[in-house]
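Protein chains in written order, with the numbering used here: chain A, 1 to 219; chain B, 1 to 208.
By construction, these hints were calculated from the structure, which means they are not laboratory data. Do not rely on the hints blindly, as some may be mistaken.
[Unchecked claim] Covered stretches of chain A, going by a simulated chain B footprint (3 or more residues, C-beta under 8 Å): (1) 8-20; (2) 148-157.
[Stated by the list, open to error] Counterexamples of contact, computed for chain B against chain A with all Cβ distances above 12 Å: (3) Tyr-50; (4) Val-76; (5) Ser-154.
Idealized CB from N, CA, C, for every residue including glycine.
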Amino acid sequence: MFRWVVWRDLMLAWRRRADVLATLFFFVIVVSLFPLSMEPETRTLRTIAPGVVWVAALLASMLSLGRLFANDYTDGTLEQMLLTPQPLYLIVLGKVLAQWVVSEIPLVLIAPVVGVQFGLSQTTLIVLTISLLIGTPVLSLIGAIGAGLTLGLRGSGVLVSLLVLPLYIPVLIFGAGAVQSSITGENPLPHLELQGAALVLTLVFAPWATSAALRISLE
Amino acid sequence: MVLGLWSSAFGWILFRQDRSLSKKEERTKTKVLRPKTKTLSAMKINLYKYASPANFYPLAGKLIPWFGIPAAILFVAGLYVGFFVAPTDFQQGDAYRIIFIHVPAAWMGMMLYVLMATYAGIGWAFNARLASMMASSLSITGAMFTFLSLVTGSLWGKPTWGTWWVWDARMTSTLILLFLYIGFISLQSAIDDVRRADRAGACWRWLA
Chain A
1 MFRWVVWRDL MLAWRRRADV LATLFFFVIV VSLFPLSMEP ETRTLRTIAP
51 GVVWVAALLA SMLSLGRLFA NDYTDGTLEQ MLLTPQPLYL IVLGKVLAQW
101 VVSEIPLVLI APVVGVQFGL SQTTLIVLTI SLLIGTPVLS LIGAIGAGLT
151 LGLRGSGVLV SLLVLPLYIP VLIFGAGAVQ SSITGENPLP HLELQGAALV
201 LTLVFAPWAT SAALRISLE
Chain B
1 MVLGLWSSAF GWILFRQDRS LSKKEERTKT KVLRPKTKTL SAMKINLYKY
51 ASPANFYPLA GKLIPWFGIP AAILFVAGLY VGFFVAPTDF QQGDAYRIIF
101 IHVPAAWMGM MLYVLMATYA GIGWAFNARL ASMMASSLSI TGAMFTFLSL
151 VTGSLWGKPT WGTWWVWDAR MTSTLILLFL YIGFISLQSA IDDVRRADRA
201 GACWRWLA
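Excised from the complex, chain B in its bound form (with noise of 0.2 Å):
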């Protein structure tokens, strides 16, 4: 079960990933020139040609579909999963079956953290910019998946423990989390010039 909504957890964000490229893929048409024709090079196989953006964005557009259903069926059925075939636990009655999306959220909100500054840091050194695109487009959904486990932690809180909140180490270690991923975001969007923002986004991910 937990497979099934991590699978569709994992869809989820490459469907996030892929609509908020293809979003970003409306602003910057202007500036990106496409190959009209075919060329020679482009016909061979090649295995950095979608580490182009101009590439890329095409590509991107397309797999839309081909993500976001998949995900969206794994998504309802790790949901059908968790809420009716599980069976309720005899400690915490039906509670616990926010576990189901509780620590999916949280495993996922850990992970895209050091997997976007990963890529911060590859666009940083090798001056990749898709590798920056992802970085920034995952802060986004990174964020959205530590709130979203720090809002189902409390929803299962408050029948187990009694109460919405404590100052356990955990919670307080994913607000803080969570106010990394809220910093980058808003360094990236007070920041005009595009490669400016990558890089000063990708310096503070590394330090922080």
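If we strip away everything but chain A, and leave its shape as in the complex, we get (with noise of 0.2 Å):
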């Protein structure tokens, strides 16, 4: 059933590849604005550096929240999911899992190019990258809850952000936290074992209240 559902999931998305490039895109042009719209001196551009990325990383993961129950609610698919024996668990954390490989891998993947728009070093690069690839599940865990809360609610894509922004704060702090702690000469590692923390923290309950958000809205 996990299998079925990320595999499902997964061909969807290939079959409308556009829009996971959108989401891509949307990344890369926020975070070019930066530069522009300041004086692009390396010694700023290093220090906005971790919190323009990881700004722009909660903004594109924001965008691709809406697709994540949206299309199955329209169609009726999801309210058959609800129905069927298996745990509502698994069916959500598979389409968590789908939604992460879809739109926040490519992010990962993007990130240290990006990064070399703003001079970081070698190292700083792989604790940016480490930091996303641990943090970009929470969001996704995070935005699901939010999602499923917000499904076929009018103008739920302004209320998703207002619900779950304040949540992904933890996540940007520690995320922007440890390249920052890169830049600066010091152990990044705290900042990335608290990241992990919150990842085990919200793969045991963030999929169990989104199957409570996904009951509350489909009744």
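Please dock the two separately framed chains into a single complex, following the hints provided.
Have a look at this one:
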């Protein structure tokens, strides 16, 4: 069941490749806007780089949340999924995993390239990639709850960001903190470990909360 | 003094709640079936009687002046004591007086969040309509107090620290608290179905 959900969502995403690319380019464009809006001096760029990349990643993951349940909700698939005897937890986890692979992995992969724009060193680029790799699943997992709650509501796109962005703040702080401490020459490991803790925590609780949210939205 | 303001703030909360509840009463009047005649069971003392919105609405409506007038009196008294009776601080001068509003407001903002989460949880778990109503009316009051504490805090910060805002952990967490309140209110107002709004709100509230 889990594999079936993941496979199905990946196939669906593959049939609509443009959506995935749109999120990716959104990320790249947002990150590139910052050097354009100020004097592109290497020192300044290095200082703002962690925050800019992370905020852009947050916003980009926000964009793809709308698609997580919306299509299945409109054609009734989601309702059938809720009726199956298999645990909803696994279905939700599968959908989130697929969403992460489709819209967040490209961000993680492009992040080092974007980081070069900001004159980051090689170690910092590695830390940036690792922190994004640990942090983005948390974004997907938390975002899924917001997507489940706002399913089928008017203006749900803006609402999701209102609900979910405050919850993203810890991920942002530790993610940007890891990169920042790597720039200043400190040990980024504590930040990464805290991010890992957040990942484990959300991995356990977020699909469960999403299931509750879906049941509320679909009753 | 602080106690006086606290109690006045608390009275104000009750006043606001009652007011918002009576507003709701107007809206949902058509839905609620009110018992026209007093039955025997209604005359007996029943602790759960006022847990029913149908009985609670009239009670809340009647209680508005009983809480509102003491709240107004205590409010004025607390402000008077804070502004005129309390001695001037030797270090901060008169600027410190805002503490009599700022601290209770911040305190209320945090406490109401916990209280609201509790009510929302009760409403979700036991399907108690009144608890959910309490949660949603508390959210507006809580957001108001959080906003008030932020505003008064920056008003205090300007003469004492020389800046309106610093990214200090306390201030940032209060700001995030305000965002959470706003998220809750906007989620509730976006959902037309009241039951779904309550449940979705409770689900999100517990998560946050």
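Each hint, compared with the structure:
no.: 1; hint: 8-20; verdict: violated (count 0)
no.: 2; hint: 148-157; verdict: holds (count 6)
no.: 3; hint: Tyr-50; verdict: 27 Å, holds
no.: 4; hint: Val-76; verdict: 36 Å, holds
no.: 5; hint: Ser-154; verdict: 20 Å, holds
Hint check: a violation occurs at hint 1 only; the rest are consistent with the structure.
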